[in-house]
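Colleague: All chains, please: the whole structure from these sequences, using the hints.
20 is the number that the UniProt record's numbering gives to position 20 of the sequence shown; each next residue is one higher, with no gaps.
Keep in mind the hints are simulated off the structure, nothing from the lab.
Treat the hints with care, as some may be off.
[What the hints assert, rightly or not] When the alpha-carbon atoms are kept at most 25 Å apart in a straight line, the in silico SDA-like pairs for lysine to any residue are as follows: (1) K20 to V89; (2) K20 to V5; (3) K20 to A74; (4) K20 to C35; (5) K20 to R49; (6) K20 to M1; (7) K20 to L3; (8) K20 to V93; (9) K20 to D94.
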Amino acid sequence: MILEVALIDVVAGQEEAFAKAYAEGHHLVATTPGCRSVRMTRGVESPSRFVLLVEWDTVEAHLENFRDSERFPAWRALIGPYFASPPVVEHFVDVPA
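Modeller: In structure tokens, the structure reads:
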């Protein structure tokens, strides 16, 4: 399992509109083959900062099934207008205990 973490800074004052756009487009990510779960969190101390957490079967599932599909431009068209700057996106794997 791969965890995609995207740090998203939203234009101040646009947080509620961004959250609404995310809710509208959630299915675009959630129904992608290889996607296990999707959730968005919002900063307490920094309410214009959001963190998108997506669990994928593999990095390829993210890149090939979502980023290289028609889903990604539709997703970005919904949420992209609210970005204060480009999101920082990285992939992570679990560390065994």
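Colleague: Now tell me if each hint is right for this structure.
Modeller: Now the hints, each set against the structure:
1. K20 to V89: holds (21 Å)
2. K20 to V5: Measuring from Cα to Cα gives roughly 20 Å; hence the hint holds.
3. K20 to A74: holds (15 Å)
4. K20 to C35: Satisfied, since the Cα-Cα distance of roughly 21 Å is no more than 25 Å.
5. K20 to R49: holds (15 Å)
6. K20 to M1: Violated - the C-alpha atoms of M1 and K20 are around 28 Å apart, more than 25 Å.
7. K20 to L3: holds (23 Å)
8. K20 to V93: Cα-Cα ~29 Å, so violated.
9. K20 to D94: The hint is violated at about 31 Å.
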